[in-house]
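There are 2 protein chains.
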Amino acid sequence: MAKSKELKKKDTSTEEKIIAAARKVFTQKGYAATRTRDIAEEAGINLALLNYYFRSKEKLFQLIMTEKLQQLFGVILPIVNNDKLTLDEKLETLAENYINLLIDNPDLPLFVISEIRANPEGFKDRLQVHHILRNSSLVHQIREKRADVEPVHFIVSLLGMTIFPFIAKPILFSDDQLFKLLMEERKILIAKWAKAIFES
Amino acid sequence: MAKSKELKKKDTSTEEKIIAAARKVFTQKGYAATRTRDIAEEAGINLALLNYYFRSKEKLFQLIMTEKLQQLFGVILPIVNNDKLTLDEKLETLAENYINLLIDNPDLPLFVISEIRANPEGFKDRLQVHHILRNSSLVHQIREKRADVEPVHFIVSLLGMTIFPFIAKPILFSDDQLFKLLMEERKILIAKWAKAIFES
DNA sequence: GATTATTTTAATCAAATGATTAAAATATTT
DNA sequence: AAATATTTTAATCATTTGATTAAAATAATC
Numbered sequence: 000m001a002k003s004k005e006l007k008k009k010d011t012s013t014e015e016k017i018i019a020a021a022r023k024v025f026t027q028k029g030y031a032a033t034r035t036r037d038i039a040e041e042a043g044i045n046l047a048l049l050n051y052y053f054r055s056k057e058k059l060f061q062l063i064m065t066e067k068l069q070q071l072f073g074v075i076l077p078i079v080n081n082d083k084l085t086l087d088e089k090l091e092t093l094a095e096n097y098i099n100l101l102i103d104n105p106d107l108p109l110f111v112i113s114e115i116r117a118n119p120e121g122f123k124d125r126l127q128v129h130h131i132l133r134n135s136s137l138v139h140q141i142r143e144k145r146a147d148v149e150p151v152h153f154i155v156s157l158l159g160m161t162i163f164p165f166i167a168k169p170i171l172f173s174d175d176q177l178f179k180l181l182m183e184e185r186k187i188l189i190a191k192w193a194k195a196i197f198e199s
Numbered sequence: 000m001a002k003s004k005e006l007k008k009k010d011t012s013t014e015e016k017i018i019a020a021a022r023k024v025f026t027q028k029g030y031a032a033t034r035t036r037d038i039a040e041e042a043g044i045n046l047a048l049l050n051y052y053f054r055s056k057e058k059l060f061q062l063i064m065t066e067k068l069q070q071l072f073g074v075i076l077p078i079v080n081n082d083k084l085t086l087d088e089k090l091e092t093l094a095e096n097y098i099n100l101l102i103d104n105p106d107l108p109l110f111v112i113s114e115i116r117a118n119p120e121g122f123k124d125r126l127q128v129h130h131i132l133r134n135s136s137l138v139h140q141i142r143e144k145r146a147d148v149e150p151v152h153f154i155v156s157l158l159g160m161t162i163f164p165f166i167a168k169p170i171l172f173s174d175d176q177l178f179k180l181l182m183e184e185r186k187i188l189i190a191k192w193a194k195a196i197f198e199s
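If you read the sequences in order, they're chains A and B. According to numbering that gives the first Met the number 0, the first sequence is numbered sequentially starting from 0. According to numbering that gives the first Met the number 0, the second sequence is numbered sequentially starting from 0.
Incorrect hints may appear among the rest.
[Stated by the list, open to error] The list that follows gives simulated cross-link-like pairs (lysine-lysine, DSSO-like), each with its CA atoms no further than 27 Å apart:
#, chain 1, residue 1, chain 2, residue 2
1, A, Lys191, B, Lys67
2, B, Lys28, A, Lys58
3, A, Lys168, B, Lys191
4, A, Lys168, B, Lys168
5, A, Lys191, B, Lys186
6, A, Lys179, B, Lys58
7, A, Lys168, B, Lys16
8, A, Lys191, B, Lys58
9, A, Lys28, B, Lys168
10, B, Lys194, A, Lys56
11, B, Lys186, A, Lys186
12, A, Lys28, A, Lys179
13, B, Lys28, A, Lys179
14, B, Lys58, A, Lys144
15, A, Lys194, B, Lys168
16, A, Lys144, B, Lys191
17, B, Lys191, A, Lys23
18, A, Lys168, B, Lys28
19, B, Lys23, A, Lys28
20, A, Lys144, B, Lys123
21, A, Lys23, B, Lys28
22, A, Lys194, B, Lys144
23, B, Lys56, A, Lys28
24, B, Lys168, A, Lys123
25, A, Lys186, B, Lys179
26, A, Lys28, B, Lys67
27, A, Lys67, B, Lys28
28, B, Lys123, A, Lys23
29, B, Lys28, A, Lys28
30, A, Lys28, B, Lys58
31, B, Lys83, A, Lys168
32, B, Lys67, A, Lys168
33, A, Lys123, B, Lys28
34, A, Lys186, B, Lys144
35, B, Lys123, A, Lys168
36, B, Lys168, A, Lys144
[Said to hold, decoys possible] Label pairs and their computed distance ranges (CB to CB):
#, chain 1, residue 1, chain 2, residue 2, range
37, B, Asp147, A, Thr35, 47 to 53 Å
38, A, Glu40, B, Gly121, 20 to 26 Å
39, A, Ser136, B, Ser55, 31 to 37 Å
40, B, Lys194, A, Val128, 26 to 32 Å
Hints in this document: simulated from the structure, not taken from any laboratory. Bear in mind the structure is a predicted one, so any value in this text is a computation, not a measurement. Ideal Cβ placement from N, Cα and C applies to all residues, glycine included.
Start from the sequences and build out the full structure, keeping to the hints where you can.
Following this line, the structure appears as structure tokens:
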């Protein structure tokens, strides 16, 4: 059979079960409030096995954090740096792709921000934010269009309109279904509004 | 003497010192990551005395949380509900007052959101959000102006542009002095941009 | 200066939690 | 079926952490 890669073990390996559980618990409760016992239970295995696979809570956390940072920046960077895209195209693509990502990972922003805040030293270098805000293709295009306003203001507004609803979700929205609908609507709205801001 | 209220004790009472320390540590690290020993140390007293004044970590936390919720909504409600203010006046006042509040309390939004997320049950009722989003004077004015778009979209954008920079501060901004300057600038920008969004 | 109130010291608890271990049980492979 | 690998059981450790206690020390008040 052509599609037989490695069907030797179960559909999801134990390691994967643990990682999936860690992903869920860590992103939901944060590092400090997470107990390794929670992760083991969520994974459907016992604490001893968890510590057999990953030697410590910290190691498991780093794994998840690295993954989440790549998710978070993985969507932005290719767009922000793409010289082929016009400013308007960037705005449209960013809103669309970012909201799609956040609909699938609603906990992502609050998790990453909270943990970086709790332990900033460990991230200072790993973040490519400085580049996005100062040297990216996006920044240059913004400067060209509006030399009178610091580009960071525009970018923060764009990110704010996009990310904030997911961060404030626990406070602002109770109906999960409605929330998803609104966020779908929001893709076009944000692109439109971002353009309006540049013209104002 | 006319201005002698109660000069019997020190300039700041022990109780106040503890509360101030709790305010600082809780809002910086969150409930789960805060140790009562940290608070005691920050207050310059010992753990025994802290537990003598406030019988538990939880009690002290509730005190701070109540205070922070009042801060957070105390600025919004009087504006959002004020029928005397036009929509544009509301936008201007909100941006101005909210950013002033956040400059003095940069940790406020991330703290409140994180803790509500960690324990939503305890807040479901205490939040007047539902009213702000559905029945406030602001909502009515928005609906009048733009019947084609769900008002919550506008409000979320306004809040996003205002609050998000303070939430993302640990990631986006390293220079504290520069950050303050940018936020000052932002007051007028947000009001202007919010208006532009309504017209677009 | 004696009395009262406040704070510290230092020891200690109990519970929670991250982590380890060895042996038994179960599943997988050969 | 035998050999090997995986997982569970269950007990146990060492720390951390919230909380309490009684006695001593210090400060404030009368």
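Now the hints, each set against the structure:
{"no.": "1", "hint": "A:Lys191 with B:Lys67", "in the structure": "violated, 35 Å"}
{"no.": "2", "hint": "B:Lys28 with A:Lys58", "in the structure": "holds, 21 Å"}
{"no.": "3", "hint": "A:Lys168 with B:Lys191", "in the structure": "holds, 26 Å"}
{"no.": "4", "hint": "A:Lys168 with B:Lys168", "in the structure": "holds, 19 Å"}
{"no.": "5", "hint": "A:Lys191 with B:Lys186", "in the structure": "holds, 22 Å"}
{"no.": "6", "hint": "A:Lys179 with B:Lys58", "in the structure": "violated, 36 Å"}
{"no.": "7", "hint": "A:Lys168 with B:Lys16", "in the structure": "violated, 34 Å"}
{"no.": "8", "hint": "A:Lys191 with B:Lys58", "in the structure": "violated, 47 Å"}
{"no.": "9", "hint": "A:Lys28 with B:Lys168", "in the structure": "holds, 21 Å"}
{"no.": "10", "hint": "B:Lys194 with A:Lys56", "in the structure": "violated, 48 Å"}
{"no.": "11", "hint": "B:Lys186 with A:Lys186", "in the structure": "holds, 25 Å"}
{"no.": "12", "hint": "A:Lys28 with A:Lys179", "in the structure": "holds, 22 Å"}
{"no.": "13", "hint": "B:Lys28 with A:Lys179", "in the structure": "violated, 30 Å"}
{"no.": "14", "hint": "B:Lys58 with A:Lys144", "in the structure": "violated, 53 Å"}
{"no.": "15", "hint": "A:Lys194 with B:Lys168", "in the structure": "holds, 24 Å"}
{"no.": "16", "hint": "A:Lys144 with B:Lys191", "in the structure": "holds, 17 Å"}
{"no.": "17", "hint": "B:Lys191 with A:Lys23", "in the structure": "violated, 40 Å"}
{"no.": "18", "hint": "A:Lys168 with B:Lys28", "in the structure": "holds, 21 Å"}
{"no.": "19", "hint": "B:Lys23 with A:Lys28", "in the structure": "holds, 21 Å"}
{"no.": "20", "hint": "A:Lys144 with B:Lys123", "in the structure": "violated, 45 Å"}
{"no.": "21", "hint": "A:Lys23 with B:Lys28", "in the structure": "holds, 21 Å"}
{"no.": "22", "hint": "A:Lys194 with B:Lys144", "in the structure": "holds, 20 Å"}
{"no.": "23", "hint": "B:Lys56 with A:Lys28", "in the structure": "holds, 19 Å"}
{"no.": "24", "hint": "B:Lys168 with A:Lys123", "in the structure": "holds, 13 Å"}
{"no.": "25", "hint": "A:Lys186 with B:Lys179", "in the structure": "violated, 30 Å"}
{"no.": "26", "hint": "A:Lys28 with B:Lys67", "in the structure": "holds, 21 Å"}
{"no.": "27", "hint": "A:Lys67 with B:Lys28", "in the structure": "holds, 21 Å"}
{"no.": "28", "hint": "B:Lys123 with A:Lys23", "in the structure": "holds, 23 Å"}
{"no.": "29", "hint": "B:Lys28 with A:Lys28", "in the structure": "holds, 14 Å"}
{"no.": "30", "hint": "A:Lys28 with B:Lys58", "in the structure": "holds, 21 Å"}
{"no.": "31", "hint": "B:Lys83 with A:Lys168", "in the structure": "violated, 30 Å"}
{"no.": "32", "hint": "B:Lys67 with A:Lys168", "in the structure": "holds, 18 Å"}
{"no.": "33", "hint": "A:Lys123 with B:Lys28", "in the structure": "holds, 18 Å"}
{"no.": "34", "hint": "A:Lys186 with B:Lys144", "in the structure": "holds, 21 Å"}
{"no.": "35", "hint": "B:Lys123 with A:Lys168", "in the structure": "holds, 13 Å"}
{"no.": "36", "hint": "B:Lys168 with A:Lys144", "in the structure": "holds, 26 Å"}
{"no.": "37", "hint": "B:Asp147 with A:Thr35: 47 to 53 Å", "in the structure": "holds, 51 Å"}
{"no.": "38", "hint": "A:Glu40 with B:Gly121: 20 to 26 Å", "in the structure": "holds, 23 Å"}
{"no.": "39", "hint": "A:Ser136 with B:Ser55: 31 to 37 Å", "in the structure": "violated, 54 Å"}
{"no.": "40", "hint": "B:Lys194 with A:Val128: 26 to 32 Å", "in the structure": "holds, 29 Å"}
Violated hints, listed in ascending order, are 1, 6, 7, 8, 10, 13, 14, 17, 20, 25, 31, 39; each of the other numbered hints is respected by the structure.
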